[in-house]
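Novice: Just need the whole structure built from these sequences, with the hints factored in.
There are 2 protein chains.
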Amino acid sequence: MSTASFGAQSVVDALVESGVTTFFANPGTSEIHLVSAIDRNPNARAVLCLFEGVATGAADGYARATGRPAAVLLHLGPGLANGLANLHNARKARSPMVVVVGEHASNHLAYDTPLKSDLDALAGYAAKAVFHMQPGDDLAAISRNAAALAVTAPCGPVIIVANADVMWSLPGGKPRGLAQPAHRNVDTPDLPPQQALDFLRGERSAVLLGGDALCAEGISLADSLAQATGSALLVETFNGRHERGEGIPHVDRLPYFREAALDKLASVDRLLLVGSRAPVAFFGSVEGSSVLTRPDAQLLATAETQSPLAMLRRMVALLSKIPAPRLEERKELEAPVGPLTPKAIWAVVNRLMPEGAIVSDESGVTSVGADEAMRGARRHAWLNLTGGSIGQGLPAGSGAAVGAPDAQVLVFHGDGGAMYTVQALWTQARERSKVVNVIFRNDRYAILDYEVKRHGLGVLGEKGASMFSLADPSLDWVSMAQAMGVKASSVATAEEFAAAFEEALATEGPVLIEARVGSGKRSR
Amino acid sequence: MSTASFGAQSVVDALVESGVTTFFANPGTSEIHLVSAIDRNPNARAVLCLFEGVATGAADGYARATGRPAAVLLHLGPGLANGLANLHNARKARSPMVVVVGEHASNHLAYDTPLKSDLDALAGYAAKAVFHMQPGDDLAAISRNAAALAVTAPCGPVIIVANADVMWSLPGGKPRGLAQPAHRNVDTPDLPPQQALDFLRGERSAVLLGGDALCAEGISLADSLAQATGSALLVETFNGRHERGEGIPHVDRLPYFREAALDKLASVDRLLLVGSRAPVAFFGSVEGSSVLTRPDAQLLATAETQSPLAMLRRMVALLSKIPAPRLEERKELEAPVGPLTPKAIWAVVNRLMPEGAIVSDESGVTSVGADEAMRGARRHAWLNLTGGSIGQGLPAGSGAAVGAPDAQVLVFHGDGGAMYTVQALWTQARERSKVVNVIFRNDRYAILDYEVKRHGLGVLGEKGASMFSLADPSLDWVSMAQAMGVKASSVATAEEFAAAFEEALATEGPVLIEARVGSGKRSR
Ligand SMILES: Cc1ncc(C[n+]2csc(CCOP(=O)(O)OP(=O)(O)O)c2C)c(N)n1
Ligand SMILES: Cc1ncc(C[n+]2csc(CCOP(=O)(O)OP(=O)(O)O)c2C)c(N)n1
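Residue numbers (my numbering), protein chains in the order written: chain A, 1 to 524; chain B, 1001 to 1524.
These aren't lab readings, by the way, just hints derived from the structure by calculation.
Cβ atoms here follow ideal geometry from the backbone N, Cα and C, with glycine treated the same way.
Some hints could be false.
Calculated cross-link-like contacts (lysine-lysine; reagent style DSSO-like; alpha-carbon spacing at most 30 Å) [as the list claims (entries may be wrong)]:
hint, chain 1, residue 1, chain 2, residue 2
1, B, Lys1264, B, Lys1174
2, B, Lys1453, B, Lys1463
3, B, Lys1453, B, Lys1264
4, A, Lys116, B, Lys1453
5, B, Lys1116, A, Lys453
6, A, Lys264, A, Lys321
7, B, Lys1453, B, Lys1343
8, A, Lys343, A, Lys453
9, B, Lys1264, B, Lys1343
10, A, Lys463, B, Lys1487
11, B, Lys1487, A, Lys487
12, B, Lys1463, A, Lys487
13, A, Lys264, B, Lys1116
14, A, Lys116, B, Lys1116
15, A, Lys264, A, Lys331
16, A, Lys116, B, Lys1331
17, A, Lys463, A, Lys453
18, B, Lys1331, B, Lys1343
Taking CB as the label site, the calculated pair distances span [to be verified]:
hint, chain 1, residue 1, chain 2, residue 2, range
19, A, Val368, B, Tyr1256, 50 to 56 Å
20, B, Pro1473, A, Val368, 31 to 37 Å
21, B, Gly1230, A, Lys463, 53 to 59 Å
22, B, Thr1305, A, Gly19, 51 to 57 Å
23, A, Val368, B, Pro1354, 47 to 53 Å
24, A, Gly136, B, Thr1493, 51 to 57 Å
25, A, Gly173, B, Gly1202, 47 to 53 Å
26, B, Pro1295, A, Gly173, 33 to 39 Å
27, B, Tyr1450, A, Thr305, 43 to 49 Å
28, A, Thr493, B, Glu1495, 23 to 29 Å
29, B, Glu1355, A, Gly509, 48 to 54 Å
Specialist: Here it is, written out as structure tokens:
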């Protein structure tokens, strides 16, 4: 077979030409032609991931770090299944990516073979759109279309189902793929800026920001607007990317716990949603409604297809006088001493985190106090767990480092969540990524202890409590990191953490710090 | 809340009463009442798994080791997503299990929350049936029904979707759940034994065995039948459980590679499928048809709802004279010396594997020669990767050890596949399981090198080859095991392997042996 003579090459070449050049890959036999095509395209980059959830999470992190989509290469239904949880998180973050999933040759699908599965049932689960390819189709056009759709607001993952026979055959010229993808969003009209501004000028108004409004420019614009209209300003609880720190106005996040969020929104009569979703509790509750705004509050929202940042620009342009945004100043916290509390941890990060850092955060209960400490830190971008499916933090950090090799990437992670996609450490080592991973070892799914209390279930017995316990045996994160080629150390005091963090920032390649924040004892 | 006063307790108690007593669990907030219910039921056992694919794979291994279903507890759509790949393998193995998946409270599902997802799209992917529960339903009856359906031929995983509000409310008495589950198999009539026997008496006939026919009794019966009718005997390539060794007739497996399988079936005119599927290639191929039997061959199959073992008993009962089955004798191979080749590895296993061992096999290219060496080994049960989704071996071995604590469990695993669900090692340590894990470290997805050749794609360049390479950095399996509390050693010669294997068998609790079978160099 000569170069470019088979379908897979058309797909890969078209994606690369569309600017989708990095492939986070975990391939198998059915993707062998796609592997060969990536091999033959000098501008395609291949990043091997040892589990599919790492590949999808890394593409999400890449998108959040760069604003551009990466590609993901997966093996049939089961490979897609393994990648779904982080695709779910990516969809909620509105991260663009192009997921190419191999599928059996069309005539092989009639048979009950081991790897035969209902791939289509999965594809719709977390993708914005699903593209199928038939023999004779214009595969390059379909691929370009997929890449374009991924970055059309609302951005998100799109899936290309690549049957093996289509990949190994010559592509044709049928433009069928340019037509409707399987899932297409309905067009909605833009919210007019003047209407939004008038709305805000009413009493007791507030703006809830989300999406690309959370860049330095967007937050500054929003702060000017808030001052001009006398509105409060909030950001969503879990954001794909939130720029913060020195030189950017501080905005509170909507609290996670229902009780606190209700409190925060109690005084809001008019809420403008700019790229954000209507505030709803994370989980339903015995106590009642999931809605966090008052029943009589008015909500007004931008369209899903509208850029929140562009909306803010247009609204500010309507102001006769633009108040200067209240930019945060660098406020260095004092060096902490003694026990390794959350407060001590975030103080160290406040002191040492370099300008332009990208933070992939899944720090669980240890996150208490982080927002306040980061307020006066050097300017950084903070990536949250967006879909509640734990195991996003390490992959997203890994992908961010591939996309933004000059930035310092920091991963803050609960030990429980870190285990789901721990294979990401290997990809960091393979790519010599500039990542410092801090694992908060409390030997527990600590958040779930709170949930037992909040649900009035009393104190769990030994057996119930063991279902949240990582203490028997304790995980040894230093060995874990070293097993995958990542340098590591373990710390138990504030001073040790500060020293290890400083050294890690000065080290080439990825580093892991095991931060022993808990005794492993059950918290009551 | 008092004991048994909420829905979750009805579900857990009914499952336990139905004999489903072990819960492989990875819970979250939406399953907090189920956790409490397991805690309160003294006969329920909780086995924490640090990733959902470990939980589903372990329940599969438990079923294969015991013939009985375990339960799995998962968190919402994303938890189910993470468990799907090994559910796929379990479905193909026809392993019974009851998967309880939490879902948001019914009235919370209306909102676009982080963890909102289309759980139902996933549930049908790999489950035999999906049960939903409404407030007021007789939850105990639904749960009993689910447990019963899991063990009704064809066995398989069933899913119970447990909305949080149904779990925290009082159960009612509505018997709705006893009606049709979402997916139900059509009833098919049994194949009459006399018809099957007459079919086999024709020229050039063969029997292909699968399912529960592959126990010692079933294989002996099949061997008598084969002798009486002059038929050849084969077993499927990838079996859920295959009993072999001393005291059991040897039966060849249908080869994995298309070319070899076609060869094997070339002389078969009449093929009787007893609990097996029609022979089809694993992957489709450029060369042509997926079907492995000759186009003019006749196939006759038992019904899916028919027990293969019972069928064999009934067929043998029709014979006027029953030939004695040709039982294998113990044939101890010579102690190997020198390089750690597959041949050397299987010779060591032949010599040392204790009677009654359960083997969870995902050994990849290292499997060459295993079947021949196991022929004269002590009696054992061999569990294959059934659905082609790698990452089954460690979890299945872990679950088998929970289900059959007196048996020695052996896991043989490629290093690539072992990474997908490596968290299983921790569960082995937690349960002090009697498992010896042998990881074949060749620092490569070696099978995929063959596939490149078989597809005529020439030699991959550096980049393409790097997509199959685990060599940069190499994984250190000794550190990996120790990180999760499992004792480990590394070996590079036949003698070292024999010594380590012998020592591992004498050790309490789980052990891992890193067998350095390859140089990490690319095989050409
Ligand atoms: C894929 C997935 N599985 C399970 C859960 C349920 N869950 C939510 S938080 C949590 C424990 C997190 O533990 P850790 O990361 O150590 O943080 P900690 O609570 O100790 O701060 C679990 C299991 C989930 N959210 N997503
Ligand atoms: C879930 C899933 N992802 C990817 C694949 C594709 N695949 C098949 S075999 C293989 C490599 C297996 O490597 P290893 O376990 O080391 O065995 P070896 O080939 O080296 O013997 C891969 C990635 C698969 N079958 N299932």
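Novice: For each hint, tell me whether it holds in the structure or not.
Specialist: Status of each hint after checking the structure:
Note on lysine 1264/B and lysine 1174/B: the hinted pairing is violated, with a Cα-Cα distance of about 55 Å set against a maximum of 30 Å. Of the supplied pair hints, the one linking lysine 1453/B and lysine 1463/B holds, its CA atoms being roughly 16 Å apart against a limit of 30 Å. For the hint pairing lysine 1453/B with lysine 1264/B, the CA-to-CA distance comes to about 22 Å; that is within 30 Å, so the pair holds. The suggested pairing of lysine 116/A with lysine 1453/B holds, with an alpha-carbon distance near 23 Å, which does not exceed 30 Å.
Proximity of lysine 1116/B to lysine 453/A is assessed by CA-CA distance (about 23 Å); at most 30 Å being required, the pair is judged to hold. Restraint check: the Cα-Cα separation between lysine 264/A and lysine 321/A comes to about 29 Å, which is no more than 30 Å; the hinted pair holds. The suggested pairing of lysine 1453/B with lysine 1343/B holds, with an alpha-carbon distance near 24 Å, which does not exceed 30 Å. Distance hint between lysine 343/A and lysine 453/A is fulfilled; the C-alpha atoms sit about 24 Å from each other, no more than 30 Å.
Proposed proximity of lysine 1264/B and lysine 1343/B is supported: the alpha carbons are some 23 Å apart, at most 30 Å. Under the criterion of a C-alpha separation no larger than 30 Å, the hint pairing lysine 463/A with lysine 1487/B is consistent with the structure, at around 25 Å. A threshold of 30 Å between alpha carbons decides the hint, and for lysine 1487/B with lysine 487/A the separation of about 22 Å falls inside it, so the pair holds. As the CA atoms of lysine 1463/B and lysine 487/A are separated by approximately 25 Å, the hinted pair is consistent with the 30 Å bound.
For a cut-off of 30 Å, the pair hint linking lysine 264/A to lysine 1116/B stands: about 23 Å separates their Cα positions. For the hint linking lysine 116/A to lysine 1116/B, the alpha-carbon distance of about 28 Å falls within 30 Å, and the restraint holds. For the given pair, lysine 264/A sits about 26 Å from lysine 331/A by alpha-carbon distance, which is consistent with the 30 Å threshold. Proposed proximity of lysine 116/A and lysine 1331/B is contradicted: the alpha carbons are some 38 Å apart, above 30 Å.
For the hint pairing lysine 463/A with lysine 453/A, the CA-to-CA distance comes to about 16 Å; that is within 30 Å, so the pair holds. The suggested pairing of lysine 1331/B with lysine 1343/B holds, with an alpha-carbon distance near 15 Å, which does not exceed 30 Å. Remark: the range hint 50 to 56 Å for valine 368/A to tyrosine 1256/B is upheld by a beta-carbon distance near 53 Å. At roughly 35 Å, the beta carbons of proline 1473/B and valine 368/A sit within the given window of 31 to 37 Å.
Glycine 1230/B and lysine 463/A have their C-beta atoms about 57 Å apart, which keeps the hinted 53 to 59 Å range intact. A hinted range of 51 to 57 Å for the beta carbons of threonine 1305/B and glycine 19/A is consistent with their spacing of about 54 Å. For valine 368/A and proline 1354/B, the Cβ-Cβ distance of about 52 Å falls inside the hinted range of 47 to 53 Å, so the restraint holds. Checked against the hint of 51 to 57 Å, the C-beta distance between glycine 136/A and threonine 1493/B comes to roughly 55 Å, which is consistent with it.
With their beta carbons about 52 Å apart, glycine 173/A and glycine 1202/B fall inside the hinted range of 47 to 53 Å. Evaluation of the 33 to 39 Å hint for proline 1295/B and glycine 173/A yields a pass: the beta carbon distance comes to about 35 Å. Remark: the range hint 43 to 49 Å for tyrosine 1450/B to threonine 305/A is upheld by a beta-carbon distance near 48 Å. At about 47 Å, the CB distance of threonine 493/A to glutamate 1495/B disagrees with the hint of 23 to 29 Å.
Under the hint 48 to 54 Å, the C-beta atoms of glutamate 1355/B and glycine 509/A, about 49 Å apart, fit the expected range.
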